[in-house]
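Novice: Between the sequences and the hints, there should be enough to build the whole structure, so can you do that?
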Amino acid sequence: MKLRKVLIYAIVSLCLALPAGVFAEPVTINWWHAMRSARGKTVDTMIEKFNASQTEYKVVGTNKGNYDETMNAGVAAFRAKKQPHILQVFEVGTQTMMLSGAVYPVYKLMKDTGYDIDWSNYLQAVLSYYMNADGKLMSMPFNSSTPIMYYNVDMFEKAGIPVLSKTKPISWDELGAITKKIVDSGVAPAGMVTAWQSWTQVENYSAIHNLAFASQANGYKGLDCELLINNPKVVHHIERLKGWADDNRFMYGGQKYQGPKSEFLAQNAAIYMDSISGIAKLQSSVKDFRWDAAPLPVEAWMENPQNSIIGGASLWVLKGHSKKEYKGVAAFLKFLAANDMQEYWHKETGYFPITLDAYNDLKTKGFYKENPLQEVGITQLNRAIPTEISRGLRIGYFVQIRNIINEELEKVWNGDKTPQQGMDDAVARGNEQLRTFEKTYK
Amino acid sequence: MIKRSFFKSSYLPYLLILPQLIITLTFFYWPALQGLIQSFHLSDPFGMQSRFVWFYNYIELFTDPLYLRSIFITFTFSLMVATVSIFLGLFIATMASRALKAKALVRTMLIWPYAVAPAISGIMWLFLLHPSYGVVALGIKRWLGVEWNPVLNGADAMVMITMAAAWKQISYNFVFFLAGMQAIPKSLIEAAAIDGASPFRRFWTITFPLLSPTFFFLSVMNIIYSFFETFGVIHTVTQGGPGGSTNILVYKVYQDGFVGLNLGSSSAQSVVLMTLIILITFLQFRFVEKKVQYTG
Chain Z
1 MKLRKVLIYA
11 IVSLCLALPA
21 GVFAEPVTIN
31 WWHAMRSARG
41 KTVDTMIEKF
51 NASQTEYKVV
61 GTNKGNYDET
71 MNAGVAAFRA
81 KKQPHILQVF
91 EVGTQTMMLS
101 GAVYPVYKLM
111 KDTGYDIDWS
121 NYLQAVLSYY
131 MNADGKLMSM
141 PFNSSTPIMY
151 YNVDMFEKAG
161 IPVLSKTKPI
171 SWDELGAITK
181 KIVDSGVAPA
191 GMVTAWQSWT
201 QVENYSAIHN
211 LAFASQANGY
221 KGLDCELLIN
231 NPKVVHHIER
241 LKGWADDNRF
251 MYGGQKYQGP
261 KSEFLAQNAA
271 IYMDSISGIA
281 KLQSSVKDFR
291 WDAAPLPVEA
301 WMENPQNSII
311 GGASLWVLKG
321 HSKKEYKGVA
331 AFLKFLAAND
341 MQEYWHKETG
351 YFPITLDAYN
361 DLKTKGFYKE
371 NPLQEVGITQ
381 LNRAIPTEIS
391 RGLRIGYFVQ
401 IRNIINEELE
411 KVWNGDKTPQ
421 QGMDDAVARG
431 NEQLRTFEKT
441 YK
Chain A
443 MIKRSFFKSS
453 YLPYLLILPQ
463 LIITLTFFYW
473 PALQGLIQSF
483 HLSDPFGMQS
493 RFVWFYNYIE
503 LFTDPLYLRS
513 IFITFTFSLM
523 VATVSIFLGL
533 FIATMASRAL
543 KAKALVRTML
553 IWPYAVAPAI
563 SGIMWLFLLH
573 PSYGVVALGI
583 KRWLGVEWNP
593 VLNGADAMVM
603 ITMAAAWKQI
613 SYNFVFFLAG
623 MQAIPKSLIE
633 AAAIDGASPF
643 RRFWTITFPL
653 LSPTFFFLSV
663 MNIIYSFFET
673 FGVIHTVTQG
683 GPGGSTNILV
693 YKVYQDGFVG
703 LNLGSSSAQS
713 VVLMTLIILI
723 TFLQFRFVEK
733 KVQYTG
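Chains as they are written, first to last, in our numbering: chain Z, 1 to 442; chain A, 443 to 738.
There are no misleading hints in this set.
Here are the simulated SDA-like cross-link-like pairs (lysine to any residue), alpha carbons at most 20 Å apart as the crow flies:
hint: 1; chain 1: Z; residue 1: Lys-417; chain 2: Z; residue 2: Ala-428
hint: 2; chain 1: Z; residue 1: Lys-442; chain 2: A; residue 2: Ser-492
hint: 3; chain 1: Z; residue 1: Lys-442; chain 2: A; residue 2: Met-490
hint: 4; chain 1: Z; residue 1: Lys-417; chain 2: A; residue 2: Pro-507
hint: 5; chain 1: Z; residue 1: Lys-242; chain 2: A; residue 2: Asn-595
hint: 6; chain 1: A; residue 1: Lys-583; chain 2: Z; residue 2: Ala-245
hint: 7; chain 1: Z; residue 1: Lys-439; chain 2: A; residue 2: Ile-479
hint: 8; chain 1: Z; residue 1: Lys-324; chain 2: Z; residue 2: Pro-105
hint: 9; chain 1: Z; residue 1: Lys-439; chain 2: A; residue 2: Gln-491
hint: 10; chain 1: A; residue 1: Lys-628; chain 2: A; residue 2: Phe-650
hint: 11; chain 1: A; residue 1: Lys-583; chain 2: Z; residue 2: Asp-246
hint: 12; chain 1: Z; residue 1: Lys-442; chain 2: A; residue 2: Gln-491
hint: 13; chain 1: Z; residue 1: Lys-439; chain 2: A; residue 2: Ile-501
hint: 14; chain 1: Z; residue 1: Lys-439; chain 2: A; residue 2: Val-495
hint: 15; chain 1: Z; residue 1: Lys-81; chain 2: A; residue 2: Ser-485
hint: 16; chain 1: Z; residue 1: Lys-64; chain 2: A; residue 2: Tyr-696
hint: 17; chain 1: Z; residue 1: Lys-108; chain 2: Z; residue 2: Asn-132
hint: 18; chain 1: Z; residue 1: Lys-287; chain 2: A; residue 2: Tyr-575
hint: 19; chain 1: Z; residue 1: Lys-81; chain 2: A; residue 2: Ser-492
hint: 20; chain 1: Z; residue 1: Lys-417; chain 2: A; residue 2: Gly-596
hint: 21; chain 1: Z; residue 1: Lys-82; chain 2: A; residue 2: Met-490
Hints in this document: simulated from the structure, not taken from any laboratory.
Specialist: This is the structure we're talking about:
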């Protein structure tokens, strides 16, 4: 009895007495993200590579569900003071994160930890989405995408339509003629479908044509911004789509991407607008027809179309950790932005390579000669220097506002409201959300 | 002779119910109180700033015509779900309580749908009724010539989610009705049969009144089910659309609070939802229960 006690004491004291260096554990860095299935695996590989590249830090990636769930997990963890170091947040959460006071801005983190980063080497249209009013980068862009137009090459051939250019956008009038041919010749029941209708048909339509989505430079300059999407040009666009919906040139397939994508896959529609990150999925699931991609259409009156705007997510560094840990975070972010990682990410997922270096490197290696599809989004994004209006959206309660736009558009498609009424109501309802948001942060 | 237990000490009973009391307080009253407090605040998701705004959140809600519509939609929906699932449950139970070969097997199989998660049930009905790839939907369009499009038409979407939500609940109702019917003395029904009462009459004058407590219980349970547990169905099938026509209260709470991170409004909506369900249950017990016969 006594002997055993002595033994236990001895073991315990031995453990306590051992210098910490013997068990020198690397500093753990937690990264909560929303990447699942194939993308999740790609992320895991990137983390593994970082962990193998050095011994000081160990990044632990955790999938917290989809974007909503990940952001919620981050918010709840922050309130409980158990926040991860890095949190991936989708682009619509940008405003909330910026105002949260819970964030360690990336530009500051990099400076404090001694990393000198040439931000001009980054894709400007991506970077400017995540900058504050002073042009300082608040979060690290990670997975960025932009919408493009996919089309069914077999159907185009059958209807006698030539294939489209991968760099020069067609006009909306031309698209009208094309979809008419498709429907009239009977190769498909409908001309086009669109995923994420608010993102592709309102937000990006506005950016490409340099139309303000909201006042105060799309909200970048102040919380007192108001929506401006009931302007004649956007309303005209919605009117046109409604007309097309009536003669089957446009088919409404649902708010997100699943419905419209399945319409395209089932060959119920010849044209499908969706994010560039859809490339990988289409490559793996389309077996029975040839397809290709082209930039989004542009109005004939818009001679020099603007860049489209991005979607996707960025990495936010949260406050409340030690200096040593932040050093690791900075090292990891730097590692992610390196050429080989970005090229790998781009090849595997279709999301943009984040730096011009990575893009140019891929170009010289001839990657785009073999995969011309992957370049469509990049040329569309880089075709102009972002203006105050085309650089992005900084809208409070953006999720609800997108919901409102979705609801109002659905009422337009099913004939409950005229396009003007629908957009007016979207603006009125959206502005109420903006006022509540403003009130919260005053 | 009724047995009675006496406790000499006066604090022992309190001690015995203490664990239950603690659980109830921490997991029911504490969150409810938190929600109530939150509903009077406007605060950012990270909790860094919070402002007391009196009834701002409630005023915003009740001046929003769409919120009032959402209340109406919820009532319509729950009434439809409860009616469909109770009557189909009763119908199947009547059929299954008759003498059948392989009775046990049939009954077990009828209970299965209850074990299916709401989300799965939703997806299944979507595969049947989606306008582009739904097997049944294509049939409806081709052979009945009916324009069926729940992606665009609100009424169609309502029918679809009602079916998906009710289908799951039918089994639950079935089990209770079956148990209730088996408790009814066979002799009563046999006597009525000898007197020449038709099956319908036997059901209406004997079985039905004797089942009324079950009926009452199920109507309460089904209303609560359709108010809260149909979330999974809505989330997978319509996401509240098209044009907000299936946006029931509980889904809006989730949309605004969980996805949109507007905690103040979401809390106010939860409080409204809680009040509504308390009110409905109170009214049911006050007026409907009077018509219920608890003794045979």
